[in-house]
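Taken in order, these protein sequences are the chains called B and L. Mapping the first sequence onto our numbering, position 294 (from 1) lands on 295, and the numbers just tick up by one. Mapping the second sequence onto our numbering, position 218 (from 1) lands on 227, and the numbers just tick up by one.
Do not take every clue at face value.
Beyond 10 Å from chain L on every Cβ pair, some chain B residues (computed) [as the list claims (entries may be wrong)]:
id, residue
1, Asp23
2, Ser29
3, Pro41
4, His51
5, Ile82
6, His139
7, Glu189
8, Glu215
9, Asp222
10, Val271
So, partial list: chain B residues that the calculated Cβ filter (under 8 Å) puts toward chain L [to be verified]:
id, residue
11, Arg174
12, Pro200
13, Gly202
14, Leu206
15, Gly207
Treat the hints as calculated values from the structure; they're not laboratory data. Quick reminder that beta carbons are idealized off the backbone N, C-alpha and C, glycines included.
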Amino acid sequence: MATGYYFAHRHILGIEQLSCEDIAHILSTADSFKEISARPIKKVPTLRGHTIINLFFEPSTRTRLSFEVAAKRMSADTFNISPSTSSTTKGETLADTARNISAMHPDIIIIRHACSGAPLLLSRNVQAAVINAGDGAHEHPSQGLLDMLTVKEHRGTLSGLKIAIVGDIAHSRVARSDIVGFTRMGSEVYVYGPSTLVPKGIDQLGAKVCTSLEEAVTDADVVMTLRIQRERQNDPLLPSLREYARHFGISRQVLSLAKPDALVMHPGPVNRGVELNPDVADGPQSVILDQVTNGVAVRMALLYLVMGNS
Amino acid sequence: MNATWRIVNGRIIDPVNSRDEIADLLVIDGRIAGPDQPVPAGVQEIDAAGCWVVPGLIDMHVHLREPGEEYKEDIHSGARAAASGGFTGVACMPNTKPVNDCAVVTAMILGRATDAAVRVYPVGAISQGSEGRQLAEFGEMKAAGVVAVTDDGHPVRDSQLMRRAMEYASDFGLTVISHSEETALSTGVMNEGPVSTRLGLKGIPTAAESIMVYREIALAEFTGARVHIAHVSTAMSLDLIRAAKARGVRVTAETAPHYFTLTDEAVIGYDTNTKMNPPLRSAADREAIRIALADGTLDAIATDHAPHSILEKELEFDAAANGVIGLETALPLTLALVRDKVIDARRLVELMAVNPAAILAVPGGGLSVGAAADLTLIDPEREWVYAADQVVSKSRNTPFLGWKLQGRAVLAMVGGRVRHTLLS
Ligand SMILES: [Zn+2]
Numbered sequence: 002m003a004t005g006y007y008f009a010h011r012h013i014l015g016i017e018q019l020s021c022e023d024i025a026h027i028l029s030t031a032d033s034f035k036e037i038s039a040r041p042i043k044k045v046p047t048l049r050g051h052t053i054i055n056l057f058f059e060p061s062t063r064t065r066l067s068f069e070v071a072a073k074r075m076s077a078d079t080f081n082i083s084p085s086t087s088s089t090t091k092g093e094t095l096a097d098t099a100r101n102i103s104a105m106h107p108d109i110i111i112i113r114h115a116c117s118g119a120p121l122l123l124s125r126n127v128q129a130a131v132i133n134a135g136d137g138a139h140e141h142p143s144q145g146l147l148d149m150l151t152v153k154e155h156r157g158t159l160s161g162l163k164i165a166i167v168g169d170i171a172h173s174r175v176a177r178s179d180i181v182g183f184t185r186m187g188s189e190v191y192v193y194g195p196s197t198l199v200p201k202g203i204d205q206l207g208a209k210v211c212t213s214l215e216e217a218v219t220d221a222d223v224v225m226t227l228r229i230q231r232e233r234q235n236d237p238l239l240p241s242l243r244e245y246a247r248h249f250g251i252s253r254q255v256l257s258l259a260k261p262d263a264l265v266m267h268p269g270p271v272n273r274g275v276e277l278n279p280d281v282a283d284g285p286q287s288v289i290l291d292q293v294t295n296g297v298a299v300r301m302a303l304l305y306l307v308m309g310n311s
Numbered sequence: 010m011n012a013t014w015r016i017v018n019g020r021i022i023d024p025v026n027s028r029d030e031i032a033d034l035l036v037i038d039g040r041i042a043g044p045d046q047p048v049p050a051g052v053q054e055i056d057a058a059g060c061w062v063v064p065g066l067i068d069m070h071v072h073l074r075e076p077g078e079e080y081k082e083d084i085h086s087g088a089r090a091a092a093s094g095g096f097t098g099v100a101c102m103p104n105t106k107p108v109n110d111c112a113v114v115t116a117m118i119l120g121r122a123t124d125a126a127v128r129v130y131p132v133g134a135i136s137q138g139s140e141g142r143q144l145a146e147f148g149e150m151k152a153a154g155v156v157a158v159t160d161d162g163h164p165v166r167d168s169q170l171m172r173r174a175m176e177y178a179s180d181f182g183l184t185v186i187s188h189s190e191e192t193a194l195s196t197g198v199m200n201e202g203p204v205s206t207r208l209g210l211k212g213i214p215t216a217a218e219s220i221m222v223y224r225e226i227a228l229a230e231f232t233g234a235r236v237h238i239a240h241v242s243t244a245m246s247l248d249l250i251r252a253a254k255a256r257g258v259r260v261t262a263e264t265a266p267h268y269f270t271l272t273d274e275a276v277i278g279y280d281t282n283t284k285m286n287p288p289l290r291s292a293a294d295r296e297a298i299r300i301a302l303a304d305g306t307l308d309a310i311a312t313d314h315a316p317h318s319i320l321e322k323e324l325e326f327d328a329a330a331n332g333v334i335g336l337e338t339a340l341p342l343t344l345a346l347v348r349d350k351v352i353d354a355r356r357l358v359e360l361m362a363v364n365p366a367a368i369l370a371v372p373g374g375g376l377s378v379g380a381a382a383d384l385t386l387i388d389p390e391r392e393w394v395y396a397a398d399q400v401v402s403k404s405r406n407t408p409f410l411g412w413k414l415q416g417r418a419v420l421a422m423v424g425g426r427v428r429h430t431l432l433s
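One chain only, chain L, in its complex shape (with noise of 0.2 Å):
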């Protein structure tokens, strides 16, 4: 009866059951039970007075550096930070060592994630090695467990080679993921503007990634086929997403958390934390991803959890590493814009969940009778601090250390098992 419990008194957000409502919710052997389902004996009550029920968390954009840099981060690290975030499932990028480019290390990375904590996605490379030349193996790699293809980390410079990618990643239903950097004129550290006029750093153009963004859409115009852009960090990348959108181009997108709640300005002070690709932008880039997370042009909310030890942020900001982690934060900060009337709960939970389940094609997403009882439990009042011994990733390159949080999911459950709980 390990995976029987009964969920009462909590607020169910269901967008895809339209369900809004306080009520219980039963779960018998792991699966979501209809409501007129007998309650077994000895079934286990979860008081969830207060708290939001929402489908579990989905992060479609995280780096668990295994295999070959265990050291920042493993998949059960990675996994369990994601279950403390609220996550039940995460997606995990090729740009490994080596690069998930075939079905040998997509099947090592499922075998290790076996009795991870939450459900793992291998996401799968574009090309092999990610180098950018040939096109990896979309059919074997489909067949051993990816959900998506992405040189995430190495942006596809070829345009042949990208169209190429899209148009054959169709013929076995993945999406391809879309890291969109025009590299010759991002050779810089942060974003070009007055702050880093002001620091004497080497400016990213807004237009490194909007150059890119618009060659994406093109060629999933032309080709019909579809493409998610990951990581969208510009206002400009939002206003050709809504275009293209509006024609009804297949074209999907995510933001990170700090994308919506930092600007370059946290970069005064060379803190290499604040250093991440795309990097942080102006406050009108973030002001219109804020709208672009409320009326529909951004689909999901990944956090791009990117772990790396001192090794290679202790440096020079120019010295070190881009990245930042970001599962046990992602959800405070996103609950801070339905307390600033930015988004409803709603749509949290379809940006978090729902539209991340259905961009990569994987379970998930609502809470529907027989579905695997992958469910999260949120407290959005509870108040937190994330402090530096308390992260649960093996890496603490953050902004956000010792912020002072309000919201926290307060238990994860993945298929009737509780993989996280803050619940005595």
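Same shape as in the complex, but just chain B (with noise of 0.2 Å):
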């Protein structure tokens, strides 16, 4: 890093905050903190005596696994609520459970939440530096980073790289932060879904909207995908996840009009044969599972980083 640099960020509530000697400066951390995980003995007492509360008002398996294992591995204390432990369900509002939280002093709070802006109104009521794991259609920085890591390793650059993002635009908190990371650090990141999945002014965070599959993803670096919902509280969003598959879905023909190294992605859960044809999903180009396991380094260094801000 130039000399100089200090990371300041007391809370990760989102890419957009995040500058990018931030990012790079992440993105090195995490690099570094890769190699624990390689090792027998995968424990380091970097954060013992540290707590770190998971405040989980969305189900999740994969991020607050990955969470858990970050911190494990850096030795902190961790503890799980959920909504169905939590006191949301006798009517606490979330600024009552953060103070209620609070007060037993953990130093790190991971929120993930329905609502969008929910890690900014619980970091207005903790002491706890705050880091969102996921809030509504709004960020998932951890999520972004981690994309951006996978990226990074295979490609050796963030900058000057075509990344597609095909799904579900609208609903997707990652894409919101994979668009604003990668546009950051120097890559064009060109959206395509069914008209019905592009939210308006997505341009505005510095996406180009394709009008066809076609103009996404040829001589494209990246080829990410997002998970598909055929509709959402009533919104008749789409007819058939077959047509999806069909007109929307990444197939070996559609995925050799990328460069021929593209990288396939997915944040997870694959909907196998709907976002991704399984021979793509699984195919040479898929780094999917690399993306799980630089989840756990991106967030070793978040928790590393922000208690070095404490």
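Dock chain to chain to rebuild the complex, using the hints, since each chain is given by itself in its own frame.
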């Protein structure tokens, strides 16, 4: 890092708040932590004595597990609170919950919430550092960072690349974090999906909106697909997953339009045969499992960096 | 002699009587007196030098929360907030608990309002319980004192019900006020556009409002009835209203100060005091509203004063209640339009006093000799800060908290009684 740089963020609420330098610093920190996960004894004492609370208001297996593994590899004490065990069902508000948890003096709170902006609200009501593990359709910064780490590992750079994101852009917090992150690092992000799933004004986040799958995928360095849901809260978004797969799914043939060594990515869980043909999802260009591995490293880096700032 | 005053050296702005001049105004026994009338002995003098003397401002769209939610506001606290903002009359929406859908509730509201700081004009419900099925008893409510009917807060989905409401309301000389919203489209929490996309909040398209504005225009045109469109927020609605007026449809419309002051960019930061329905719109919509205030497409400025406690507002943006208070900030925010030369002082008086009185067919709106002395003194230059500890309303849900404002009502007089004064 350039001299004089230091990581100044108390909370990680979104990629939007992170500068180019911040992102590069997080990625290089994560890269250095990858080695820990490869050791026979995968544990360092860095966060010993620190209390980390996983406050998950939305069901999540992957992200919560990834954060928990990251915390334990750094010797932190972790506690999980999910909606069934939390008090929110008794009418306690998020602000109340926040103040209660804060009274137990945790060092870091990791929050997943269905409402966009909930991590910000939490951060205003607690002393602890807050890490957003996904809020509504807003941001999922650790996912955006692990996506960038994965691409950087395979491509050696994050600048000058063509990143195609295909699928449900409208309801995806991953899409927003990726669009902001990759464009900030100097790549171009092309988005494509059925018009029912491409939100108004997404171009103002820096994405280029495509009018065909071919336009999005041709010569891409990365083909990222997003999980599809046919209907949300009575909003008829798609007639069928079958039709989606045919017109918007990534087949071998579509993938052949991208660069020969293009990476295939997906934040998971994949609807096999919908967003991705199975032979693409499991094919040689798929780096979906690298994403999972890198998720732990990126989350270790985030825990380490926000603690360095307390 | 309590209600006898001589207001000297003020700039009297009284569009109804085509007056705009520095002059004295005499109030005798609570009524406006003629300039030739002898000044009674012992008259109290009010020095209005540097101030505008205007007909009492009337807010045709407020929620006073009584009966039912007095922890947010009640008729008296709301009336005090109104007086401190320069209003002398307010029209209160029927979405109370219970709904003001019958003469008994109307009478109860008016009973509670007898000694309130300003005149309170109840607006009755269109449908029983505002449930959108059976018409409420307009005749009975009119006899009890309602000045208009609306299902504000519970948009009328059924076009047949709206048609019948317009027809039947015209039999009693009542205006139907439409909260225009196609609820199938308005499942979001803020304006749909680049900002909602960036924040990941579900959007409400402008079409959700404009579709229903057009429905109301079509029904008013067909039935010949009058309709008033509440809190217009979109440029498309204004185009529809402008065209309808040009062909003689009996449609009037209001907007609220937050729509001509803020845009949806104010939502960045997820402040729930920027959440209202209809939502804050784009800069282009705001500009269209400013133009429409000047060109007569919009007839009135009303606050949609909607008090909520922190129980409804200290929440995730998705979960927070819609609405902001507005009685205490409407005048300075409208005066900003005058300073920006969007409208002139006379137009301000039309939008905030003359036209609301005419649309609701209530007294006021002018300073005619013999009329009740409902008037407001405005110091257009006075600078002040709208600080949390100075809020008169019971609730503080406003995006304008802490704003430095210019211009303020320094006196509000209702029937010759001073109900608010900052004069020494
Ligand atoms: Zn309304």
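Now for the hints, and whether the structure bears them out:
1. At roughly 19 Å from the closest C-beta of chain L, the C-beta of Asp23(B) stays outside 10 Å, upholding its exclusion from the interface.
2. For Ser29(B), the non-interface assignment is confirmed: its Cβ lies about 28 Å from the closest Cβ of chain L, beyond the 10 Å cut-off.
3. Every CB of chain L is more than 10 Å from the CB of Pro41(B) (nearest about 42 Å), matching its label as outside the interface.
4. For His51(B), the shortest C-beta to C-beta distance to chain L comes to about 27 Å, beyond the 10 Å cut-off, and the non-interface label holds.
5. Against the 10 Å criterion, Ile82(B) stays outside the reach of chain L, whose nearest CB is about 17 Å from its own CB.
6. The beta carbon of His139(B) sits about 3 Å from the closest Cβ of chain L, which is not more than 10 Å, so the claim that it is off the interface is violated.
7. The Cβ of Glu189(B) sits about 18 Å from the closest Cβ of chain L, beyond the 10 Å cut-off, so the non-interface label holds.
8. In this structure Glu215(B) is separated from chain L by more than 10 Å, as the shortest Cβ-Cβ distance comes to about 25 Å.
9. Taking the minimum C-beta to C-beta distance to chain L, about 25 Å, the non-interface status of Asp222(B) holds against the 10 Å cut.
10. No Cβ of chain L comes within 10 Å of the Cβ of Val271(B); the nearest lies about 22 Å off, and the non-interface call holds.
11. Taking 8 Å as the C-beta cut-off, the interface hint given for Arg174(B) holds, the closest approach to chain L being about 6 Å.
12. At a threshold of 8 Å, the smallest CB-CB gap from Pro200(B) to chain L is about 4 Å, leaving the interface hint in force.
13. Look at Gly202(B): its Cβ gets to within about 3 Å of chain L, closer than 8 Å, so that hint holds up.
14. Because the smallest distance between the Cβ of Leu206(B) and any Cβ of chain L comes to about 6 Å, under 8 Å, the interface hint for this residue holds.
15. Interface restraint check for Gly207(B): the shortest CB-CB distance to chain L comes to about 10 Å, outside 8 Å, so the restraint is violated.
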